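K.L.:
The residues making up each chain are set out below.
Number of protein chains: 2
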Amino acid sequence: MEHGKRRVIIENVQPRVDGGLYPAKRTVGERVDVTAAIYGDGHDHIRAEVLYKKEGAESWSLTELNQTFNDEWHASFYVIEKGEYLFTVQAWIDHFDTWYDGFKKKANAKVDVKVELMEGALLLRTLGKTNKDIISLARKLEDTQKYQAAVDLVLSDEFADVVHQNPLRENETKLGYEITIQVEHTKANYSAWYEFFPRSASLESGKHGTFADCIRLLPRISAMGFDVLYFPPIHPIGKINRKGKNNNVKSLPGEPGSPWAIGSDEGGHKSVLPALGTLSDFKKLVDEAKKQGIDVAMDIAFQCAPDHPYVSEHPEWFKQRPDGSIQYAENPPKKYQDIYPFNFETDTWKELWEELKSVFLFWMEQGITIFRIDNPHTKPIPFWHWVIAEVQKVNPDVIFLSEAFTRPKIMASLAKVGFTQSYTYFTWRVSKQELIDYVNDLVYGPSRNYFRPNFWPNTPDILPFHLQNQNENSFILRYALAATLSSNYGVYGPSYEFYENTPVEGKEEYFNSEKYEIRQYDWKRTNRMTDIMSILNKIRKENPALQSTWNIQFCPIENSQLVAYLKATDDLSNIILVVVNLDSTRGQSGYVQLPKARLKLGDKINVKLHDLITDEYFTWIQEWNYVDLSPYKMPFHLFKLEIHESNL
Amino acid sequence: MEHGKRRVIIENVQPRVDGGLYPAKRTVGERVDVTAAIYGDGHDHIRAEVLYKKEGAESWSLTELNQTFNDEWHASFYVIEKGEYLFTVQAWIDHFDTWYDGFKKKANAKVDVKVELMEGALLLRTLGKTNKDIISLARKLEDTQKYQAAVDLVLSDEFADVVHQNPLRENETKLGYEITIQVEHTKANYSAWYEFFPRSASLESGKHGTFADCIRLLPRISAMGFDVLYFPPIHPIGKINRKGKNNNVKSLPGEPGSPWAIGSDEGGHKSVLPALGTLSDFKKLVDEAKKQGIDVAMDIAFQCAPDHPYVSEHPEWFKQRPDGSIQYAENPPKKYQDIYPFNFETDTWKELWEELKSVFLFWMEQGITIFRIDNPHTKPIPFWHWVIAEVQKVNPDVIFLSEAFTRPKIMASLAKVGFTQSYTYFTWRVSKQELIDYVNDLVYGPSRNYFRPNFWPNTPDILPFHLQNQNENSFILRYALAATLSSNYGVYGPSYEFYENTPVEGKEEYFNSEKYEIRQYDWKRTNRMTDIMSILNKIRKENPALQSTWNIQFCPIENSQLVAYLKATDDLSNIILVVVNLDSTRGQSGYVQLPKARLKLGDKINVKLHDLITDEYFTWIQEWNYVDLSPYKMPFHLFKLEIHESNL
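So the sequences go chain by chain: Z and L.
Position one of the first sequence corresponds to residue 1 (my numbering), numbered consecutively onward.
Position one of the second sequence corresponds to residue 1 (my numbering), numbered consecutively onward.
With the rest of the complex left out, here is chain Z (with noise of 0.2 angstroms):
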């Protein structure tokens, strides 16, 4: 045991979430940023390494990591397969290190060295053993008569090479422990989604919409550029108790009710809504979006309406209540009668959850791979940590899609568990310091080694205050921020594209809600909107910068309504600069400075920007630059840059 000698400490190895209760996660291609404090006692230099591999390896890879400032260490590794990666890390004091540096500072303030050059002479055959390029530097340093070529040689680049290369391990400091990097496949951060309700997809005036009907549309999303589509409930929607238009309590006969109460005598999770089509009409659909580019989500709702089959074939599901009845959903005094909820603590819970695990795994046999979950905050965090891990030990790809807009804490948890993606607070971030310090909380906070935010401007529960009876120009900067701010976005489509802003008094709900009512849309039109959304997917799909989350850089930009950011590849290969003007109806114009440091750019600034949108070109020649966007001509820069080679 030769602890004693080992004095070098190591603590506080990141990335790791809760002590290692969770894997931090990645997807592949991407960078893994390891951080640390090492030191030790004196003043003896430190090395340390990262080790990491893809688990099931044989042998490590190793990275040193270099130290930044107070005592704090920085190595970075890219992981290039999808599964676990583990890494840990060791230090050590390194004598020759040490030696090397002490030499130099002797040597330069013309002290003798000869012992010096003696103990560097050792260290070299006990780095050497059989490499005869050291030993032969060992016995240059030991000829006497050759003293001040000695010295030379030490004080040569070479040798400072030597050094560098050659760390000298001994009493290594090992972490004790390894941690794991779950690296996901590309989508898991960098989707496109677009939602719409099937029942509206009819061209026909009055008809309710149907699988084939999607079917139709689909040319029309791919051509956005979109890549999920993602649908509300589509199963058969409860009779009773129904819901009619603008959540009216009790409906008239015909009106079809919210597709989130789930379940009627024509089936349960399961089963399709008849008036959609059948299963068959169902996968075809999946099979021609596949075809098309486009991923099909379906949304999990884990609730009952009261006639779900669940309520009379498995009653004890549910919570009775002291005069037999079934408890609904409620939030007191408010009563939601056409819900019930699953009874978590119910005796039989284990048959619930693996009822509940049968639910995803039926519809991923029908080519279901991405699962949007309503308010899964509603259900035990523990069951979705069982349930994400059991349906991704069928298929690791399946993305889970967290909406939960609740407290920090709880949409945290949810994405440590295993969400792939979570809505956020996005939709409610408007000032420019607003949008700024939540960005940088996501993607600089501990959060982005768990949460992969997905950003909405809208959704069909939300119309956000700042986008009532506003207009067009504020749908397009907030679609433009959420499309480049995040490589995870989605819109409520045919509803944001058309403009709706017309609200319940009061509230941030749509007035007359697709929830409650079957929609008539214009599907067959395009505007400004939906050109925009095809050239900005196309974009997106064309620059990888814009197909990460984790790169962007804000810039400043002097002037409160304006904001910049600017988003490059690590080998800067691609970089984009995006401006938004946060005001709708204003021009608005300040001077945006460029991140030198980032850029890698000298004092000689010679840049080029190409306006991906509008086409138009622009040379930069110094830090701070000149923008004036007017919100009728865009509401936004897309620059793409590229920086002429003198500056490099």
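It is worth saying that the hints were derived from the structure and are not from the lab.
Any given hint could turn out to be false.
What the hints assert, rightly or not - Restricting the straight-line Cα-Cα distance to at most 25 angstroms, the calculated cross-link-like pairs of lysine to any residue (SDA-like) are:
(1) L:Lys140 x Z:Gln320
(2) Z:Lys507 x Z:Asp347
(3) L:Lys82 x L:Asp18
(4) L:Lys187 x L:Val443
(5) L:Lys283 x L:Tyr328
(6) Z:Lys5 x L:Tyr328
(7) Z:Lys334 x Z:Asp281
(8) L:Lys290 x L:Lys524
(9) L:Lys409 x Z:Trp60
(10) L:Lys245 x L:Glu508
(11) Z:Lys140 x L:Pro332
(12) Z:Lys5 x L:Tyr310
(13) Z:Lys5 x L:Lys319
(14) Z:Lys105 x L:Gly506
(15) L:Lys5 x Z:Asp347
(16) Z:Lys82 x Z:Trp60
(17) Z:Lys174 x L:Gly20
(18) Z:Lys110 x L:Lys319
(19) Z:Lys114 x L:Asp18
(20) L:Lys335 x L:Gly506
(21) Z:Lys5 x L:Phe405
(22) L:Lys640 x L:Gln593
(23) L:Lys104 x L:Gln67
(24) L:Lys105 x Z:Lys140
(25) L:Lys114 x Z:Val311
(26) Z:Lys114 x L:Gln337
(27) L:Lys334 x Z:Val151
(28) Z:Lys54 x Z:Gly19
Please read all numbers here as calculations on a predicted model, not as lab measurements.
Starting from the known structure of chain Z, arrange chain L on it as the hints suggest.
P.N.:
For chain L alone, coordinates are given in the frame of chain Z:
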């Protein structure tokens, strides 16, 4: 296995140092504030409690956690005995509390609550079991003949008490581990140190001081109110390569050398310098000091002069150079030829560790219980972890003061692995903002749980720039800051009280440093400084608020040269307000704000202030109050506050 029913998550329980690697520290009588993130799914009500006990105790004490903000919870308890305490946390969905909250909302909204009354009765029966009072309440809720009486009963204050006092524990989530609090004796937290060189203790000019001379000085130090007397090393001083006056590389015959160059033919770390007296003289001094309420602290510097007996007896504990010489201390290109460091990477490290441990045990046998450790950051941190634990197995009350003025993480690490108290950066925190930031960091940052500061305005090594060539007001204000900001403080005494202010040009070192020569002090003299030391130490003894570092709250005061802070006991039975003028030459005045919330002041303020230094009285009847400090009168106020009854 019922884990599926457990819906509550408990995270980030504090105080926990480095994920439980080290205990959190407290002293007898101190409060432990427990915080945790606790949340579940849905809107059900959570209840949570801390379980704590002295290690070995049979049963746990319980205290309820209360929600503060953003799913954070808080509770506190007091540790009343020395030794280890354990605590853990559990939390659960309380269906009784959830039902009660829903009931109130529904009843207040005049909704029919017949079924709710039945539910409440069932919950009461679950809770009550054999408790007659609760079963009787259940019966009243079940009495359908008296509906309104039952509703009123549930809405009554008495029923609120029943709910609060009867948590319905079901499906508890338990933390799964226990967290350790190490509780030490009070002196670890509250002490006043006085340092002098015993060789300068003689009252006769030109004579080497002795332990007998030190005994004659004890009444002076005791009268000034210090309770730790700390001596630089008292061991034989190396004769080889001995340093001369002002750190001269060569000493003249008769020069005494630096006490930190330990060991000669007269002995080593377990011997005393013959010129000071015998071991028996030293024991007599230690015993006599104890009688006068003073603990003698030894300086332990683990390094050797070239003629230390260890060097010949254990050459394997030192680093041999290729030319056969022993490696002296160096900071290239500087060399310190009077000092040999131990080679802690020796193959015989176990024997070395054991020998160094035996040094502590030897001095403990002579009655020593306090050690000031010289430069602990140049010896391996794992060694300190081991040796402090070993020593405290013999006597858990032994105090170790870490003399590390180095990088923050290393200072923190030494405290984590066991040092009782630590030197700090206070010595260089001068401006108002620096003082506030630093003290808030120590008291409210994570290091509060392991790092006990000991504030020194000077040391034999450090005459800080801001005291160089300064007037006595500067010395007084820095002393007052040290003694009132921190409950542990110390001063390198005679030099400080006689205002020695001449540095080595351009350095923070004393000119004619006592480290290298014997000094003559006029030990019979007293002055303004010694008077202030006496009265301030007396005030510290009489006011428990000044016996803790952890109860400070800085008060806004509208002058950048004035700093104000309140220190109060938890029960407000003792309240001290200090206002210091940082300007040593000019009077400064401004308005200071009383912290109304902390002092539980209402709108009618009536606070009596007694300046315990100047014996002046004031009455404040407003939140903001005028203070005016002339440094030549007194650079600080030290008010004792009495809050007039009508405020409370």
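K.L.:
Each hint: holds or not?
P.N.:
Verification of the supplied hints:
1. L:Lys140 x Z:Gln320: holds, 22 angstroms
2. Z:Lys507 x Z:Asp347: violated, 39 angstroms
3. L:Lys82 x L:Asp18: Between Lys82 (chain L) and Asp18 (chain L) the Cα gap is close to 23 angstroms, so the pair holds against 25 angstroms.
4. L:Lys187 x L:Val443: Since the Cα atoms of Lys187 (chain L) and Val443 (chain L) sit roughly 18 angstroms apart, the hinted pair holds (cutoff 25 angstroms).
5. L:Lys283 x L:Tyr328: violated, 33 angstroms
6. Z:Lys5 x L:Tyr328: Since the Cα atoms of Lys5 (chain Z) and Tyr328 (chain L) sit roughly 20 angstroms apart, the hinted pair holds (cutoff 25 angstroms).
7. Z:Lys334 x Z:Asp281: Distance of about 38 angstroms is beyond 25 angstroms: violated.
8. L:Lys290 x L:Lys524: holds, 22 angstroms
9. L:Lys409 x Z:Trp60: violated, 29 angstroms
10. L:Lys245 x L:Glu508: holds, 17 angstroms
11. Z:Lys140 x L:Pro332: Roughly 23 angstroms separates the two Cα atoms, so the pair holds.
12. Z:Lys5 x L:Tyr310: holds, 20 angstroms
13. Z:Lys5 x L:Lys319: This hinted pair holds, its Cα atoms lying about 14 angstroms apart.
14. Z:Lys105 x L:Gly506: Since the Cα atoms of Lys105 (chain Z) and Gly506 (chain L) sit roughly 23 angstroms apart, the hinted pair holds (cutoff 25 angstroms).
15. L:Lys5 x Z:Asp347: Answer holds: Lys5 (chain L) to Asp347 (chain Z) is near 8 angstroms, not above 25 angstroms.
16. Z:Lys82 x Z:Trp60: Given that 25 angstroms is the threshold and the Cα spacing comes to 17 angstroms, the pair holds.
17. Z:Lys174 x L:Gly20: holds, 18 angstroms
18. Z:Lys110 x L:Lys319: holds, 24 angstroms
19. Z:Lys114 x L:Asp18: Violated, at about 46 angstroms.
20. L:Lys335 x L:Gly506: Satisfied, since the Cα-Cα distance of roughly 21 angstroms is no more than 25 angstroms.
21. Z:Lys5 x L:Phe405: holds, 24 angstroms
22. L:Lys640 x L:Gln593: holds, 16 angstroms
23. L:Lys104 x L:Gln67: holds, 20 angstroms
24. L:Lys105 x Z:Lys140: violated, 89 angstroms
25. L:Lys114 x Z:Val311: holds, 24 angstroms
26. Z:Lys114 x L:Gln337: Roughly 17 angstroms between the alpha carbons, so the hint for Lys114 (chain Z) and Gln337 (chain L) holds.
27. L:Lys334 x Z:Val151: Given that 25 angstroms is the threshold and the Cα spacing comes to 19 angstroms, the pair holds.
28. Z:Lys54 x Z:Gly19: holds, 21 angstroms
Against the hints set out earlier in the document, violations occur for numbers 2, 5, 7, 9, 19 and 24.
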